[in-house]
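So the sequence lines, in the order shown, correspond to chains A and B.
For the first sequence, position 97 (counting from the first letter as 1) is numbered 559 according to my numbering, and the numbering increases by one without interruption.
For the second sequence, position 8 (counting from the first letter as 1) is numbered 416 according to my numbering, and the numbering increases by one without interruption.
Treat the hints with caution; some may be incorrect.
What the hints assert, rightly or not - Simulated pairs of lysine-lysine, BS3-like, Cα-Cα distance not exceeding 25 Å:
1. B/LYS604 / B/LYS415
2. A/LYS570 / A/LYS589
3. A/LYS566 / B/LYS415
4. A/LYS474 / A/LYS512
5. A/LYS530 / B/LYS415
6. A/LYS512 / A/LYS528
7. A/LYS594 / A/LYS616
8. A/LYS607 / A/LYS530
9. A/LYS594 / A/LYS504
10. A/LYS616 / A/LYS631
11. A/LYS528 / A/LYS570
12. A/LYS530 / A/LYS465
13. A/LYS528 / A/LYS566
14. A/LYS570 / A/LYS594
15. A/LYS594 / A/LYS512
16. A/LYS594 / B/LYS415
17. A/LYS607 / A/LYS528
18. A/LYS474 / B/LYS415
19. A/LYS512 / A/LYS589
20. B/LYS604 / A/LYS570
21. B/LYS463 / B/LYS601
22. A/LYS589 / A/LYS504
23. B/LYS463 / A/LYS474
24. A/LYS589 / B/LYS415
25. A/LYS570 / B/LYS415
26. B/LYS463 / B/LYS604
27. A/LYS504 / B/LYS415
By construction, these hints were calculated from the structure, which means they are not laboratory data.
Since the structure is predicted, the reported quantities are computational estimates derived from the model, not experimental observations.
So the chains spell out like this:
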Amino acid sequence: MLKIYAALPPRKRMGILAIILGIFAAFIGNPSDATKTTVNIKEIALMAEKDANEINVNDIADWVIKGKMDYRLIDLREESEFNEYNIPTSENIRVHSLLNSDLKRNEKIILYSEDDLLASQAWFILKATNYKSVYIVDDGMEAWKEDVVLPTCKCDTNPTNEQKELHAKREEVAKFFGGAMQADGGNDITVKKDLPKLKAPTKVTLKRTRTKKSREGC
Amino acid sequence: MTAPFYKFGLFNDEVSFIIAFVLGLAFGFVFERGGFGSGRMLAAQFYFTDMRVFKVMFTAIVVAMIGLFYLNWIGFIDLSLIYFGDTYIMPQIVGGLILGVGFVIGGYCPGTSTVAIATGRLDAIVYLLGGAFGIFVFGEVFPYISDFFYSTPMGRITLPELFGIDHGIILLAVILLAIAGFTGADWGEKYMKSKKEGK
Numbered sequence: 463m464l465k466i467y468a469a470l471p472p473r474k475r476m477g478i479l480a481i482i483l484g485i486f487a488a489f490i491g492n493p494s495d496a497t498k499t500t501v502n503i504k505e506i507a508l509m510a511e512k513d514a515n516e517i518n519v520n521d522i523a524d525w526v527i528k529g530k531m532d533y534r535l536i537d538l539r540e541e542s543e544f545n546e547y548n549i550p551t552s553e554n555i556r557v558h559s560l561l562n563s564d565l566k567r568n569e570k571i572i573l574y575s576e577d578d579l580l581a582s583q584a585w586f587i588l589k590a591t592n593y594k595s596v597y598i599v600d601d602g603m604e605a606w607k608e609d610v611v612l613p614t615c616k617c618d619t620n621p622t623n624e625q626k627e628l629h630a631k632r633e634e635v636a637k638f639f640g641g642a643m644q645a646d647g648g649n650d651i652t653v654k655k656d657l658p659k660l661k662a663p664t665k666v667t668l669k670r671t672r673t674k675k676s677r678e679g680c
Numbered sequence: 409m410t411a412p413f414y415k416f417g418l419f420n421d422e423v424s425f426i427i428a429f430v431l432g433l434a435f436g437f438v439f440e441r442g443g444f445g446s447g448r449m450l451a452a453q454f455y456f457t458d459m460r461v462f463k464v465m466f467t468a469i470v471v472a473m474i475g476l477f478y479l480n481w482i483g484f485i486d487l488s489l490i491y492f493g494d495t496y497i498m499p500q501i502v503g504g505l506i507l508g509v510g511f512v513i514g515g516y517c518p519g520t521s522t523v524a525i526a527t528g529r530l531d532a533i534v535y536l537l538g539g540a541f542g543i544f545v546f547g548e549v550f551p552y553i554s555d556f557f558y559s560t561p562m563g564r565i566t567l568p569e570l571f572g573i574d575h576g577i578i579l580l581a582v583i584l585l586a587i588a589g590f591t592g593a594d595w596g597e598k599y600m601k602s603k604k605e606g607k
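Pulled out of the complex, with its shape left as it was, chain B reads as follows (with noise of 0.2 Å):
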């Protein structure tokens, strides 16, 4: 048996959307237990009070990572056929920026804010209300944006691939980043405290 099931056959569209939505579950439960729900503490990411958020997210990228690095190492998993989406570098990282501001105005990334829902927060509402909204826009004025939209096109690349190095090395380097980033979080707490405090 090899992963990912549902590219090799294993079962269909109609179970997809089932296990979709048993995975969304889980992940919206999980999202919440963890303090995913609050906006304050999405936003407190940006103010170094509470670095909650940035090392769950972080701690959750290297665990996925070294998971499908050894899963592809013994052979249960095909890497190749894991789906992600096509880089065109200059028009992300705009929508990268957008994203970030609206995270901090908002409170919330599009998918805390529907677990933000969950729990009856209204600002929450509000946040996808107007997220939709953008949707919308983005839609009506997509043809005359779609130059810059497909522009600076790479294609599907992966960092081992742009820096022609092992998959491995990068492996090793995001997560020498994770746990330097940890210890900074960790270090920008105590500093936010201690000027807290020291007021």
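The following block holds chain A by itself, in its conformation from the complex (with noise of 0.2 Å):
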């Protein structure tokens, strides 16, 4: 049989062999299914401990000012929930399509929810299917509401040089952000005042995205 085959012309012996891979890969199917793998769970578990995975609000709001755009913000909640406000530059992925989405291994990936439930649960999504820097917004949203667009001044009654130079800076991020300043709840925390109607920022679309398509394929 082997004899026959060797004398065949190579040609033909390279038919017969994709043939024969042929009916193999035929019985095999699918070769691979892309929703299940396999996790280290001591290499996640040490990640987990050791990475600063968490970033804060302040510094987003730093990047988003200075139009820094090495990241890829994802806002993991509720179609309706982002489109009635996100942090801007953020663009909304739900948890169960993170992985069909475009976001590449490569990318800084920053996630972020209402809290960090629903984050630190798409952060191992990530993590287990090799995404290599993936962080969360620490507390999320509501950090975001309370610290950057409207943040409650934490100023003593007698403010000094540096808190002075804070409060302005966090003023005027919060003006940026098109929310203000909210008066000292320090005091009478049950006097809180009403949080102003947060729009949904006009959306940024960013030009990345389609530079990447064209830059793929041949």
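Quick one: dock chain against chain with the hints and give me the complex.
Set out below in structure tokens:
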């Protein structure tokens, strides 16, 4: 049998080999299911402890103002919530479609949801599927609203120069994002001013996604 | 280690350019040695006189297909991360026809024309200039045809997804198709040869 095979011209041998591999493949069916993955639990556990995974909302605000573009800010909340209000430069991707999205494994991905819970779960999913740098926004949208857009003044009655400076900066940042400094709620927590209604910022379309598209392929 | 290496962050953009350059050189060299640097050879496909290019192309497709399938099967490569463009069926049919007409008239496809330029062929230089001019014209009229350009979108779709059948069956089907194609090409070559000799 082998002798007959060896006696055939190379192109016929190649053809036979291809057919055999093809028949074998037909029995295998689908080579791999992308939704299943093996996770190195120990590695993930170490990463969770060691890496500085959380990013402060003030840093995000700073980056948005400076127009930094080296990250992808992902809003994991529902579309309606996203449309109602979101952090500028963010894009809405639900957790279940994260792995089908165009996120790349070498991109800096920052996740946020209403609080930490959903973002942490998404962090695990991405880390488990080999995404390199994944971060979550510390306390998510809650922190963004409380610390950036509608911050409360934490100055003493006689603020030091340092505090004044910080106060001015926070006020400026809040203004930039369409919010305002809230009156001091330190003494009387019960009298909390209603949060002004926040509108979704006009959609920031990043040019980046288009250029990326044209760069790949032939 | 899992491929695609670039998407898993094994190397950065700069390194990827170097790798692309080296791969490009190798690709072009093999192309030229395979006879793809000649417009006559390429145009011969359409007259069934020498089907070498057709055979090389189909062989490459089958080899790559089998390779990717089995590398995916053993877990070396993540197929879901391999890039391919979205499907817009109508505009792509039209584009394919335009490319085919240009292919027959000019005797090159965009890749082979650069290979032919490397060997100093004047017709290839003209061909590439024409291609560049076409790109320019396309860019200028794009606003007027963008509706058509983005019509009939089907997203990122593959044959197994479209027909709802297993990857492996498609693989077998393409292999059989290739072998049928090779046999047909052989027959066509023989037929054209006997016709020529008969005259």
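For each hint, the structure was consulted:
no. : hint                : verdict
1   : B/LYS604 / B/LYS415 : 52 Å, violated
2   : A/LYS570 / A/LYS589 : 12 Å, holds
3   : A/LYS566 / B/LYS415 : 6 Å, holds
4   : A/LYS474 / A/LYS512 : 57 Å, violated
5   : A/LYS530 / B/LYS415 : 22 Å, holds
6   : A/LYS512 / A/LYS528 : 29 Å, violated
7   : A/LYS594 / A/LYS616 : 37 Å, violated
8   : A/LYS607 / A/LYS530 : 21 Å, holds
9   : A/LYS594 / A/LYS504 : 16 Å, holds
10  : A/LYS616 / A/LYS631 : 13 Å, holds
11  : A/LYS528 / A/LYS570 : 17 Å, holds
12  : A/LYS530 / A/LYS465 : 66 Å, violated
13  : A/LYS528 / A/LYS566 : 23 Å, holds
14  : A/LYS570 / A/LYS594 : 8 Å, holds
15  : A/LYS594 / A/LYS512 : 14 Å, holds
16  : A/LYS594 / B/LYS415 : 10 Å, holds
17  : A/LYS607 / A/LYS528 : 19 Å, holds
18  : A/LYS474 / B/LYS415 : 37 Å, violated
19  : A/LYS512 / A/LYS589 : 14 Å, holds
20  : B/LYS604 / A/LYS570 : 63 Å, violated
21  : B/LYS463 / B/LYS601 : 17 Å, holds
22  : A/LYS589 / A/LYS504 : 12 Å, holds
23  : B/LYS463 / A/LYS474 : 13 Å, holds
24  : A/LYS589 / B/LYS415 : 14 Å, holds
25  : A/LYS570 / B/LYS415 : 13 Å, holds
26  : B/LYS463 / B/LYS604 : 22 Å, holds
27  : A/LYS504 / B/LYS415 : 24 Å, holds
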